[in-house]
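Engineer: Listed below, chain by chain, are the residues.
Protein chains: 2
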Amino acid sequence: MRNMNSTDTSSRGEQTRHALIDAALKVFGQAGFDAASTRSISKAANVNQALIGYHFGGKRGLYLAVFGHILSQITEHMAPVIVTVSDRVEGFSEDVEMRRQEALEVLIVAFNGLIEMFGRADSAAWVRLIVREQQDPTDAFEILYEGMMGRMMNMMTMLVSLASDLPEDSEACRVRTHMLVGQVLLFHIARGTTSRHLSWSGLSPDNINTLKEQFRLSVEAQFAPGAAFQ
Amino acid sequence: MRNMNSTDTSSRGEQTRHALIDAALKVFGQAGFDAASTRSISKAANVNQALIGYHFGGKRGLYLAVFGHILSQITEHMAPVIVTVSDRVEGFSEDVEMRRQEALEVLIVAFNGLIEMFGRADSAAWVRLIVREQQDPTDAFEILYEGMMGRMMNMMTMLVSLASDLPEDSEACRVRTHMLVGQVLLFHIARGTTSRHLSWSGLSPDNINTLKEQFRLSVEAQFAPGAAFQ
DNA sequence: CATTATTAATCAAACGATTAACTTAGTCAA
DNA sequence: TTGACTAAGTTAATCGTTTGATTAATAATG
Chain A
2 MRNMNSTDTS SRGEQTRHAL IDAALKVFGQ AGFDAASTRS ISKAANVNQA
52 LIGYHFGGKR GLYLAVFGHI LSQITEHMAP VIVTVSDRVE GFSEDVEMRR
102 QEALEVLIVA FNGLIEMFGR ADSAAWVRLI VREQQDPTDA FEILYEGMMG
152 RMMNMMTMLV SLASDLPEDS EACRVRTHML VGQVLLFHIA RGTTSRHLSW
202 SGLSPDNINT LKEQFRLSVE AQFAPGAAFQ
Chain B
2 MRNMNSTDTS SRGEQTRHAL IDAALKVFGQ AGFDAASTRS ISKAANVNQA
52 LIGYHFGGKR GLYLAVFGHI LSQITEHMAP VIVTVSDRVE GFSEDVEMRR
102 QEALEVLIVA FNGLIEMFGR ADSAAWVRLI VREQQDPTDA FEILYEGMMG
152 RMMNMMTMLV SLASDLPEDS EACRVRTHML VGQVLLFHIA RGTTSRHLSW
202 SGLSPDNINT LKEQFRLSVE AQFAPGAAFQ
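Going down the list, the protein sequences come from chains A and B.
Read in order, the letters of the first sequence are residues 2 to 231 in the numbering used here.
Read in order, the letters of the second sequence are residues 2 to 231 in the numbering used here.
One or more of the hints may lead you astray.
The list cannot tell twin chains apart, which means a pair is met if one copy fits it or any two copies do.
[Stated by the list, open to error] Within a straight-line C-alpha distance of at most 16 Å, the following computed EDC-like cross-link-like pairs (lysine to aspartate or glutamate) qualify: (1) 27 to 137; (2) 213 to 172; (3) 60 to 23; (4) 27 to 123; (5) 44 to 23; (6) 213 to 117.
Because the hints were derived from the structure by calculation, they are not lab data.
As the structure is a computational prediction, the values presented were derived from the model and not from experiment.
Build out the structure end to end from the sequences listed, making use of the hints.
Structural biologist: What follows is the structure in structure tokens.
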């Protein structure tokens with residue numbers, strides 16, 4: 002019964018699928034998987050409820066399709082960042098101290114890409130979905146991690162290793178990388194506390210700039226030549 | 002037949018309420034508010050389903066009661082930490098440099114308290130609930146923030162201010178404080194990524210110690226006398 | 001004219017809430 | 001000590017809704 006036509010990208014069915022994924026992204030993000038009803042999603046997409054079953058096999062199938070969409074969004078945004086990082090890493094100096102400084106710069110570039118991606122207005126919906134999946138990951142999270150997030154974490158870890166004296170595969174290096182990610186992501190994850198403690202409503206471009214600036218100061222201090230990094 | 006005290010805290014009803022809150026904490030934490038059914042909660046509590054309505058007015062009332070319970074747990078754990086901090090702050094030196102060093106030490110003590118609290122085995126259930134509430138806070142989150150979390154954030158901000166040159170009410174100071182919290186909390190919030198990137202399953206006492214150690218190194222570098230703070 | 005897509009209607013299951021009957025426990029007059 | 005009386009607590013059953021899924025009939029497409 003169900004059929005995924007991949008040649009007609011703007012066929013009738015394709016439009017419906019797109020409308021459903023778009024609406025589902027918002028409704029799932031707002032309410033979570035269980036609280037979101039297929040009826041509210043189909044209504045938001047201006048589409049008959051039975052079409053969810055027809056095109057995606059069911060509610061769960063639509064949910065997974067949403068994560069496929071998120072993955073493509075993230076990939077699209079981070080691809081140029083990854084290319085930039087790869088290019089610059091190849092040209093790193095032989096000198097240890099110079100290379101540390103270069104790696105530090107690239108590390109900040111990479112994290113700025115992360116901050117900007119999560120700062121985009123339309124990312125708010127899928128940040129919620131990702132956070133929910135983090136709690137007890139399912140197949141949906143697997144799509145993201147295998148597709149992109151794992152790669153990004155490894156890239157960040159490599160840069161941290163180059164910018165410090167920590168071996169790339171050491172636990173300390175991975176923990177410190179994780180902490181850097183935490184410094185950035187909590188502003189998006191813990192909106193409840195963020196909005197109250199900082200009196201920020203949402204994350205304006207100004208707020209994003211403040212974030213990038215303070216993160217840079219923090220990282221430069223942590224990776225300063227004299228810093229006790231072991 | 003007059004053994005039972007009339008002002009007792011372990012009357013029949015009180016036992017039922019406790020059993021329900023205990024079970025609800027687990028089920029709500031596991032599945033979230035919507036996916037958790039009153040039937041599954043009452044079954045886990047070995048109690049009739051109608052008693053949720055009788056004792057708490059309904060599902061939502063039980064949910065709020067669970068957050069009241071969480072608040073008391075957090076308060077219980079953090080109270081001694083807050084006392085310690087308050088005491089030591091009062092005895093801080095007049096000398097600026099010495100005070101910075103003292104504040105840094107106390108800051109680490111305070112954060113270690115935070116790390117230990119979230120590291121407790123039984124905290125996993127309510128960490129999930131808090132994270133869920135962070136996304137779009139309701140009355141339930143208000144209970145936590147007004148009751149404890151706001152106070153703690155302000156305390157941390159004060160310590161950051163004393164350990165740096167940042168004014169306590171400056172945006173930079175609050176942002177940096179928030180980043181420190183993020184360094185610690187992401188390990189509990191983003192379990193999906195944590196477990197994959199670090200090959201940690203759950204958070205063992207060893208992992209907690211690693212966390213404290215690496216956090217201390219990070220903070221000492223960030224607050225080193227030479228660090229460019231602001 | 002056959003494939004693809006859409007529609008309204010309907011299904012059984014699960015949901016939160018509520019009811020009325022029933023049990024337990026503490027109070028107090030006799 | 002007893003036993004009727006009352007309030008608090010508990011129980012099984014049922015209420016009306018909403019849920020995700022599925023059906024058969026219809027429409028659009030190329």
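Engineer: All hints, please: hold or fail.
Structural biologist: Each hint, compared with the structure:
1. 27 to 137: between (21 Å within a copy, 14 Å between copies)
2. 213 to 172: between (26 Å within a copy, 13 Å between copies)
3. 60 to 23: Classified as within: same-chain Cα gap 14 Å, cross-chain 31 Å, threshold 16 Å.
4. 27 to 123: within (10 Å within a copy, 33 Å between copies)
5. 44 to 23: within (12 Å within a copy, 38 Å between copies)
6. 213 to 117: within (9 Å within a copy, 29 Å between copies)
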